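This is what each chain is made of:
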Amino acid sequence: MLPERLLNAVILLTLLAVPLAALALDEPFIITLATKVTILALAGVGLNLALGQGGLVSFGHAAYFGLGGYAMGILASHAQSFTPLMEVPFLIEGTKSMPVIWITAIIVSSLAALLIGALSLRTSGVYFIMVTLAFGQMFYYFAISWPAYGGEDGLSIYVRNGFPGLNTLVPIQFFGICFVLLCVVLFFVSRLNRSAFGLALDGAHQHSERALTVGININRVRLVAFVISGGITGLAGALFADLNRFVSPTMFSWHTSGEIMIFIILGGVARICGPIAGAAAYIILEHYLGDVSEYWQVYLGFILLFVVLFAKGGIVGALTGSRGKAHG
Amino acid sequence: MTTILFFEQLLNGLQFGVMLFLMAAGLTLIFGVMGLINLAHGSLYMVGAFAAAAVAGWTGSFALALVASLAAAAMFGAIIELTIIRRLYARDHLDQVLATFALILIFSEATRWVFGSFPLFLNVPDALSGTVMLPGGIQYSLYRLTIIVIGLIVAAGLFLLISKTRVGMRIRAGENDREMIGALGVDISVLYTLVFALGAALAGLSGALVGAIQSVEVGMGEPVLILAFVVIVIGGIGSIKGALAGAILVGVTDTMGRTLLPILFGTFMEASSATAVGSALASMAIYILMAGVLLYKPTGLFGEA
Chain Y
8 MLPERLLNAV ILLTLLAVPL AALALDEPFI ITLATKVTIL ALAGVGLNLA LGQGGLVSFG
68 HAAYFGLGGY AMGILASHAQ SFTPLMEVPF LIEGTKSMPV IWITAIIVSS LAALLIGALS
128 LRTSGVYFIM VTLAFGQMFY YFAISWPAYG GEDGLSIYVR NGFPGLNTLV PIQFFGICFV
188 LLCVVLFFVS RLNRSAFGLA LDGAHQHSER ALTVGININR VRLVAFVISG GITGLAGALF
248 ADLNRFVSPT MFSWHTSGEI MIFIILGGVA RICGPIAGAA AYIILEHYLG DVSEYWQVYL
308 GFILLFVVLF AKGGIVGALT GSRGKAHG
Chain E
128 MTTILFFEQL LNGLQFGVML FLMAAGLTLI FGVMGLINLA HGSLYMVGAF AAAAVAGWTG
188 SFALALVASL AAAAMFGAII ELTIIRRLYA RDHLDQVLAT FALILIFSEA TRWVFGSFPL
248 FLNVPDALSG TVMLPGGIQY SLYRLTIIVI GLIVAAGLFL LISKTRVGMR IRAGENDREM
308 IGALGVDISV LYTLVFALGA ALAGLSGALV GAIQSVEVGM GEPVLILAFV VIVIGGIGSI
368 KGALAGAILV GVTDTMGRTL LPILFGTFME ASSATAVGSA LASMAIYILM AGVLLYKPTG
428 LFGEA
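If you read the sequences in order, they're chains Y and E.
FYI, the numbering for the first sequence is 8 to 335, going by the working numbering.
FYI, the numbering for the second sequence is 128 to 432, going by the working numbering.
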């Protein structure tokens with residue numbers, strides 16, 4: 008049984024070592040898979056802040072993931088067709104610059120999380136799950152029926168967006184960007200969890216009446232956590248769109264919300280590196296079971312059922328021999 | 128827009144609402160009695176539709192197909208309740224969501240395995256095809272009218288079952304205090320299986336009835352499931368009355384929105400962009416309705432705090 012801190016280091020180093028080894032062995036596909044794991048893990052880290060630390064079971068995080076993706080798709084498609092995004096009241100041009108796209112994605116998805124969070128947090132428990140799910144689905148139907156940006160077919164971006172000083176079309180360099188972003192966000196979230204704010208959020212989850220009695224404004228704490236969580240998932244969405252050079256309404260689908268949640272439960276709820284382990288396990292399953300059978304999701308279903316019913320701590324819990332602290 | 132078209136759409140909205148009610152009633156009962164959020168309810172809807180399509184293709188009888196949809200959905204409902212769902216009652220909502228999401232994956236892929244990826248077709252029986260003339264000169268599809276009638280009969284039956292019978296009394300008691308009715312000697316696990324199978328049967332019936340209008344395909348239950356959630360949020364959890372009111376509200380808003388909004392925008396915009404804006408907004412109408420209800424009364428129209 009490993010201490011969790013050591014396990015986290017092992018998980019991160021493995022995530023770094025696998026694509027480097029693949030580079031040495033000239034296996035670009037493995038690098039792409041590792042990039043996908045990194046990006047999906049980032050989405051999971053975002054949801055984990057709300058779900059694990061805050062106990063807010065959001066089934067609508069696909070909304071922020073998709074908004075991040077469309078932020079990238081819309082900006083880049085205007086840049087590639089050389090048409091401005093809007094001219095009145097002031098000119099906004101499309102862009103192919105990753106940092107600008109990331110910031111836009113974070114802002115847009117945080118604003119959506121603010122709006123949805125403010126409405127959804129009026130409810131709790133099972134209502135909260137249904138309301139977040141429904142609002143997420145609203146974006147899905149909107150994206151399908153709004154023809155300007157591809158509608159149901161989605162948007163293709165021909166060339167990956169650029170980052171100053173790097174060639175993002177080289178798989179390992181794009182992986183590097185995603186990995187650094189994941190580490191930055193992980194550092195931020197782990198600091199946040201130990202800050203006064205993080206403790207207040209955890210307190211509001213563990214025992215909301217008590218947190219209320221000691222003077223914590225639990226609604227505000229939850230809303231702030233929900234907004235940060237949405238922003239992180241939005242960033243992941245922008246990266247995911249860049250990885251595929253394609254955005255479509257599928258990113259908004261409730262299956263996406265479910266998948267992000269699966270990363271967390273497979274990895275271990277409220278574990279800082281749980282989403283990485285979970286996303287890696289998911290991608291490995293998808294890749295190898297997909298070879299075995301076209302109907303691999305049956306096996307995924309049974310594995311998920313097993314983890315939920317019998318192995319609550321997920322991968323991190325199993326390897327550290329402890330149950331999640333904030334869950335239960 | 129003519130009055131006739133308006134009333135026809137109103138009836139379509141009512142028909143849609145009645146179908147949503149059959150879904151939402153089961154969900155809300157299961158939540159009310161067992162405290163369980165069941166995402167796999169959409170899968171039971173799908174099971175009902177597939178069972179009906181298979182039996183109709185086999186025997187050619189629509190009545191038998193409906194019976195098969197009820198039986199198959201109730202049977203699968205009872206099976207998953209006995210094997211999996213009952214382990215979840217004491218768990219938190221996150222576990223319930225994930226486990227029932229896992230069930231969706233299993234059901235969908237297994238159905239694809241058995242029936243293939245192509246949609247099946249369930250035909251409206253000859254006796255119910257064609258149109259009828261309603262008072263006011265409205266030509267309306269007989270089958271859709273039949274759905275409305277069946278839905279309303281089921282709603283009335285459900286009200287009677289819950290308010291007048293012994294089983295209904297136990298269900299209501301279960302909603303109030305699960306431990307207490309167990310302590311009073313009611314076999315609570317049988318009651319749970321019964322409620323779950325009843326909810327499943329309603330979902331299956333709804334799937335079969337809708338299956339004759341649309342195509343029967345894998346994943347058909349999911350959009351309906353999410354709309355049923357919207358219905359429950361609007362109506363209030365655990366309330367059958369709320370489910371009926373919410374379902375009709377959602378059904379009518381959605382159907383009317385899709386017809387009226389493009390026409391409304393057409394009065395001051397050019398036709399093609401009016402259709403685009405109108406239909407995009409119409410797809411959001413029920414969620415905006417839900418947001419409005421949440422602002423006004425977070426526990427739903429008929430829910431208790």
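These aren't lab readings, by the way, just hints derived from the structure by calculation.
Take these hints with a grain of salt, some might be off.
Here are the simulated SDA-like cross-link-like pairs (lysine to any residue), alpha carbons at most 20 Å apart as the crow flies [stated by the list, open to error]: (1) Y/K103 x E/A282; (2) E/K424 x Y/L128; (3) E/K424 x Y/T130; (4) Y/K103 x E/D253; (5) E/K424 x Y/K319; (6) E/K424 x Y/A125.
Note that the structure is predicted; figures quoted are calculated from it, not measured.
These are the hints, each one checked on the structure:
1. Only pairs whose Cα atoms come within 20 Å are accepted, and Y/K103 paired with E/A282 is rejected, the gap being roughly 56 Å.
2. With a C-alpha separation of about 13 Å, the suggested pairing of E/K424 with Y/L128 holds against the 20 Å cut-off.
3. For a cut-off of 20 Å, the pair hint linking E/K424 to Y/T130 stands: about 10 Å separates their Cα positions.
4. Proposed proximity of Y/K103 and E/D253 is contradicted: the alpha carbons are some 59 Å apart, above 20 Å.
5. Between E/K424 and Y/K319 the alpha-carbon distance is near 35 Å, which puts this suggested pair outside the 20 Å criterion.
6. The suggested pairing of E/K424 with Y/A125 holds, with an alpha-carbon distance near 14 Å, which does not exceed 20 Å.
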